[in-house]
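*Asks:* Start from the sequences and build out the full structure, keeping to the hints where you can.
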Amino acid sequence: MNEYTMPIVFGVTIGTIARILMLRTDYRQYPTYLHGKIIHVALGFIAGSLGAVAVPAIMEMEFTAVTFLTVAATQFREVRNMERNTLSEIDGYELVSRGKAYIEGIAISFESRNYLVILTSFIGTLFYLVWNVYMAIVGAIICFIISKILQSGSTMKDLVDIEYSAPHFDGAGLYVDNIYIMNIGLPERQEEILKYGMGFVLTPKNMNVVNTIAHLGQRQAILHDVSVSLGVFRDSGTPALVPLIKRDLDDGRIGVFILPQVRDVDKAIKIIGAVPVLETAIRMPSRSNVHNKEV
Amino acid sequence: MVIEKSVLAIITTNKDKVSGGAPIFICKHFEELQKTAANLEAIIDGIAHALSDEVFIIVKH
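Protein chains in written order, with the working numbering: chain A, 905 to 1199; chain B, 52 to 112.
In short, the hints are calculated from the structure, not lab data.
A hint or two may mislead.
Unchecked claim - Using 30 angstroms as the maximum straight-line C-alpha spacing, the simulated DSSO-like pairs for lysine-lysine come out as follows: (1) K68(B) to K56(B); (2) K1052(A) to K941(A); (3) K1171(A) to K1061(A); (4) K1004(A) to K56(B); (5) K1174(A) to K941(A); (6) K111(B) to K1150(A); (7) K68(B) to K111(B); (8) K1171(A) to K1109(A); (9) K1174(A) to K1099(A); (10) K1150(A) to K56(B); (11) K1174(A) to K1150(A); (12) K1004(A) to K941(A); (13) K1052(A) to K1174(A); (14) K56(B) to K111(B); (15) K1099(A) to K56(B); (16) K1004(A) to K111(B); (17) K86(B) to K1099(A); (18) K1109(A) to K1004(A); (19) K68(B) to K79(B); (20) K1099(A) to K68(B); (21) K111(B) to K86(B).
Treat the numbers as computed from the prediction; the structure is a model and nothing was measured.
*Replies:* Printed below as a string of structure tokens:
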């Protein structure tokens, strides 16, 4: 035991707690039970240790010791790769796939959460050493709050207005509102689709959103989340029964065609509204200099 | 180049309208055409698309 033992133990503990708080298992069921969670809690513990140990190293004038944080960065990039690989492997077996953009979004958040853990335990240990344990607890709570804020991005309901619109056929063409979805030849398939299908029109609220919701990865994420929450009327070997999203080229609205097992319009609207906006899909044409000059 | 979509079969009631590389199934009437298309769709995991009332194609997506 020396003067650094308690601050380091404190830092590691709050770091690990922060990781556990950020590890939510919700409707996406990812990470799943025990094994997946153990991996992430263990990595959170390692991240916490790195953050906590950095402070005494600086105080002892061992500046070179800080370079091991670069090892941490490499380590957590590896976490991102691990998540990406696992999810991509599984994606082929999903009835409605997540899509690469969604997987990348999940992988990014796993990596960044470990850095938030390092920050939390760094602040905790620092405050403990500079002031006392009470200040350290206050600092840790502030870090938890910051992590929670950084963890939650915007969702689809912030970007679009969602309206129900029953799918219909014009000849063999399937339409949601006036948006063409696909060609279905067989009358019995058409009947199935009219019976089980639901259509929604997502109208963008501003010009930035038009590009974001047009992103193929974002559209796939919507389909995946809806299929997870409401079930999907589909099986392997029934390629005609496929949820799809197509775009109205005129005004950038998108037509969502889904085949849920629970056909509840209000629930579906809520679920579409709660789909996270993927970081990789966000575009900001309104910030473009050229555009602003013209307008 | 990876070909993502291809026409796996053509089903028709009017053989003057079709020719070419994909297997062609000629049917006597519209009902038979529908049955054949439904079977082929199930067998080869493609989607039956209607080009007109006389010509259906099975496409692998």
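*Asks:* Given the hinted pair K1171(A) and K1109(A), is their Cα-Cα distance within 30 angstroms?
*Replies:* Between K1171(A) and K1109(A) the Cα gap is close to 21 angstroms, so the pair holds against 30 angstroms.
*Asks:* Quickly compare the C-alpha distance for K1052(A) and K941(A) to 30 angstroms and report which way the hint goes.
*Replies:* holds (19 angstroms)
*Asks:* What's the verdict on K111(B) and K86(B), does the C-alpha distance respect the 30 angstroms limit or exceed it?
*Replies:* With Cα atoms ~18 angstroms apart, K111(B) and K86(B) stay inside 30 angstroms; holds.
*Asks:* Does the alpha-carbon distance linking K1109(A) and K1004(A) stay inside the 30 angstroms limit?
*Replies:* holds (26 angstroms)
*Asks:* With a cut-off of 30 angstroms on the C-alpha distance, tell me whether K86(B) and K1099(A) pass.
*Replies:* Given that 30 angstroms is the threshold and the Cα spacing comes to 21 angstroms, the pair holds.
*Asks:* Are the Cα positions of K1004(A) and K111(B) separated by 30 angstroms at most?
*Replies:* Measuring from Cα to Cα gives roughly 22 angstroms; hence the hint holds.
*Asks:* Taking 30 angstroms as the top limit, are the C-alpha atoms of K1150(A) and K56(B) close enough?
*Replies:* Distance of about 18 angstroms is within 30 angstroms: holds.
*Asks:* Is the straight-line distance between the alpha-carbon of K1099(A) and that of K68(B) 30 angstroms or less?
*Replies:* violated (33 angstroms)
*Asks:* Take the C-alpha atoms of K1099(A) and K56(B), compute the straight-line distance between them, and say whether it is at most 30 angstroms.
*Replies:* holds (28 angstroms)
*Asks:* Does K1150(A) lie within 30 angstroms of K1174(A) when you go C-alpha to C-alpha?
*Replies:* holds (20 angstroms)
*Asks:* CA of K68(B) to CA of K56(B), is that 30 angstroms or under?
*Replies:* holds (22 angstroms)
*Asks:* If you draw a straight line from the CA of K1171(A) to the CA of K1061(A), is it 30 angstroms or shorter?
*Replies:* holds (13 angstroms)
Of the numbered hints given earlier, the model fails hint 20 alone.
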